[in-house]
Amino acid sequence: MPLFWRMFLLNAVVLVLATGLLMGPWVTVSSPVLPREALVLCGGLVALLVANALLFRAGLAPLRRLTKAMAEANPSKPGQRARVTGHGELAELTETFNVMLERLEAERAASSGRALSAQEAERRRVARELHDEVGQTLTAVILQFKTLADRAPAPLREDVVTAQETVRDSLDEVRRIARRLRPGVLEDLGLLSALRALTTEFSTPGVTVSHRLDGSLPSLGAETELVLYRVAQEAMTNAARHAGASRIDLALRSVEPRIVELVVGDDGRGLRGTEEGAGIQGMRERALRLGAALTLTSDDAEGTTVRLRVPLPTEGAA
Numbered sequence: 001m002p003l004f005w006r007m008f009l010l011n012a013v014v015l016v017l018a019t020g021l022l023m024g025p026w027v028t029v030s031s032p033v034l035p036r037e038a039l040v041l042c043g044g045l046v047a048l049l050v051a052n053a054l055l056f057r058a059g060l061a062p063l064r065r066l067t068k069a070m071a072e073a074n075p076s077k078p079g080q081r082a083r084v085t086g087h088g089e090l091a092e093l094t095e096t097f098n099v100m101l102e103r104l105e106a107e108r109a110a111s112s113g114r115a116l117s118a119q120e121a122e123r124r125r126v127a128r129e130l131h132d133e134v135g136q137t138l139t140a141v142i143l144q145f146k147t148l149a150d151r152a153p154a155p156l157r158e159d160v161v162t163a164q165e166t167v168r169d170s171l172d173e174v175r176r177i178a179r180r181l182r183p184g185v186l187e188d189l190g191l192l193s194a195l196r197a198l199t200t201e202f203s204t205p206g207v208t209v210s211h212r213l214d215g216s217l218p219s220l221g222a223e224t225e226l227v228l229y230r231v232a233q234e235a236m237t238n239a240a241r242h243a244g245a246s247r248i249d250l251a252l253r254s255v256e257p258r259i260v261e262l263v264v265g266d267d268g269r270g271l272r273g274t275e276e277g278a279g280i281q282g283m284r285e286r287a288l289r290l291g292a293a294l295t296l297t298s299d300d301a302e303g304t305t306v307r308l309r310v311p312l313p314t315e316g317a318a
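Per UniProt numbering, numbering of the sequence shown is gapless, rising by one per residue and ending at 318.
A couple of the hints might just be wrong.
In silico DMTMM-like cross-links for lysine to aspartate or glutamate, where the CA-CA straight-line distance does not exceed 25 Å [what the hints assert, rightly or not]:
| hint | residue 1 | residue 2 |
| --- | --- | --- |
| 1 | K146 | D132 |
| 2 | K68 | D249 |
| 3 | K146 | E158 |
Label pairs and their computed distance ranges (CB to CB) [unchecked claim]:
| hint | residue 1 | residue 2 | range |
| --- | --- | --- | --- |
| 4 | T85 | S246 | 37 to 43 Å |
| 5 | P313 | T200 | 29 to 35 Å |
| 6 | E275 | R128 | 47 to 53 Å |
| 7 | E302 | V14 | 54 to 60 Å |
| 8 | D172 | T297 | 32 to 38 Å |
Rather than coming from a laboratory, the hints here were simulated on the basis of the structure. Even for Gly, the Cβ is constructed at its ideal location relative to N, Cα and C.
Make a model of the complete structure from these sequences and hints.
Now the structure itself:
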C-alpha cells in the first residue's frame with residue numbers, strides 16, 4: 001500500500017472511532033461544559049495524539065533509517081548499503097538508493113582508475129626527465145668539479161671538493177626521488193623485491209623496519225602489484241615522517257584462497273582524531289580501483305595499522 005493511503009487510512013480509523021463515540025450515548029457534552037465532560041474530552045484528545053504519534057513513528061521508521069544511511073554514505077568507502085525493510089514505496093525507495101550507490105561506486109572506481117593511470121604516466125615522465133636530464137647534468141658537474149679539484153691550488157682544493165660532494169648528494173637525492181616516482185625495481189624484479197627495497201629505503205638509524213613477505217602468493221597482475229606498492233609506500237611515509245614512529249612492520253600474505261592482505265603497522269603517535277589527508281584519500285582511491293577494502297585503526301599507545309585486503313579475480317575471469 002502506498003505511504004499516502006497507509007497514513008490516510010490510519011488517521012481515518014482514529015477519527016471514525018472518535019466520531020462514533022461522540023455520536024453514541026457514551027459521551028455527551030453540555031453547554032457550558034461540565035468538568036467531568038471536559039476531562040473526558042481532554043483524555044480523548046490525548047489518546048488521539050498518542051495514537052497518531054505511535055502510528056506515524058512506526059510508519060516513518062524506514063524513512064528515518066534511509067535518511068541515516070544517506071547521511072553516512074561515502075563513495076570512497078564502498079559496500080555501505082541501507083537495510084531494506086517492509087514493503088511498498090519506502091522499500092522501493094531504499095532499493096533505488098542502494099542501486100544508486102552501486103552506480104556511484106562503479107563510476108567513481110572507473111574515474112579514479114583513469115585519474116590514477118594518468119598520474120602514474122606523469123610520474124614516469126617526470127622520473128625519466130629527472131634521471132635523463134637533471135641526473136646527467138649533475139653527473140657532468142661532478143666530473144667538472146673533479147677536474148677543477150685536480151687543477152686547483154691547495155687553498156681552493158678543499159672548497160672545490162666540498163662543492164663536489166654537495167652536488168653528489170644532490171644527485172643521490174634526485175635519483176631517490178626518481179625511484180619513488182617510478183619504482184623500476186617493481187617493473188623489473190616484481191612486488192616482493194620492490195617491497196624489500198622499500199623497507200631498506202625507510203630503514204634509518206632512528207627507524208627500524210621489518211618485513212614478512214609471503215613468497216607463495218598467486219599471480220597478482222601489474223595493476224594490483226602497483227596498488228599494493230603505492231599503499232605500502234604511502235603508509236610507511238606517513239609513519240616515518242608524520243607519526244614519528246621508531247618501528248614499522250610490513251606484512252604481505254594470502255589470507256584466503258583469493259584474497260591478499262597487506263598490513264603496515266607502526267608505533268607512532270596515531271591519528272588522534274585528525275582528518276584524513278591527501279595521502280590517506282589517495283590510498284582509498286587506489287583501493288577503490290581494485291574493489292579492495294582499506295581499514296585504518298589507530299591507538300595512541302600502539303600507533304596506526306593500515307590494512308588492505310585485495311580480492312583477486314577468479315581463475316578464468318577477464
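Now for the hints, and whether the structure bears them out:
no.: 1; hint: K146 / D132; in the structure: 21 Å, holds
no.: 2; hint: K68 / D249; in the structure: 37 Å, violated
no.: 3; hint: K146 / E158; in the structure: 11 Å, holds
no.: 4; hint: T85 / S246: 37 to 43 Å; in the structure: 50 Å, violated
no.: 5; hint: P313 / T200: 29 to 35 Å; in the structure: 31 Å, holds
no.: 6; hint: E275 / R128: 47 to 53 Å; in the structure: 35 Å, violated
no.: 7; hint: E302 / V14: 54 to 60 Å; in the structure: 57 Å, holds
no.: 8; hint: D172 / T297: 32 to 38 Å; in the structure: 36 Å, holds
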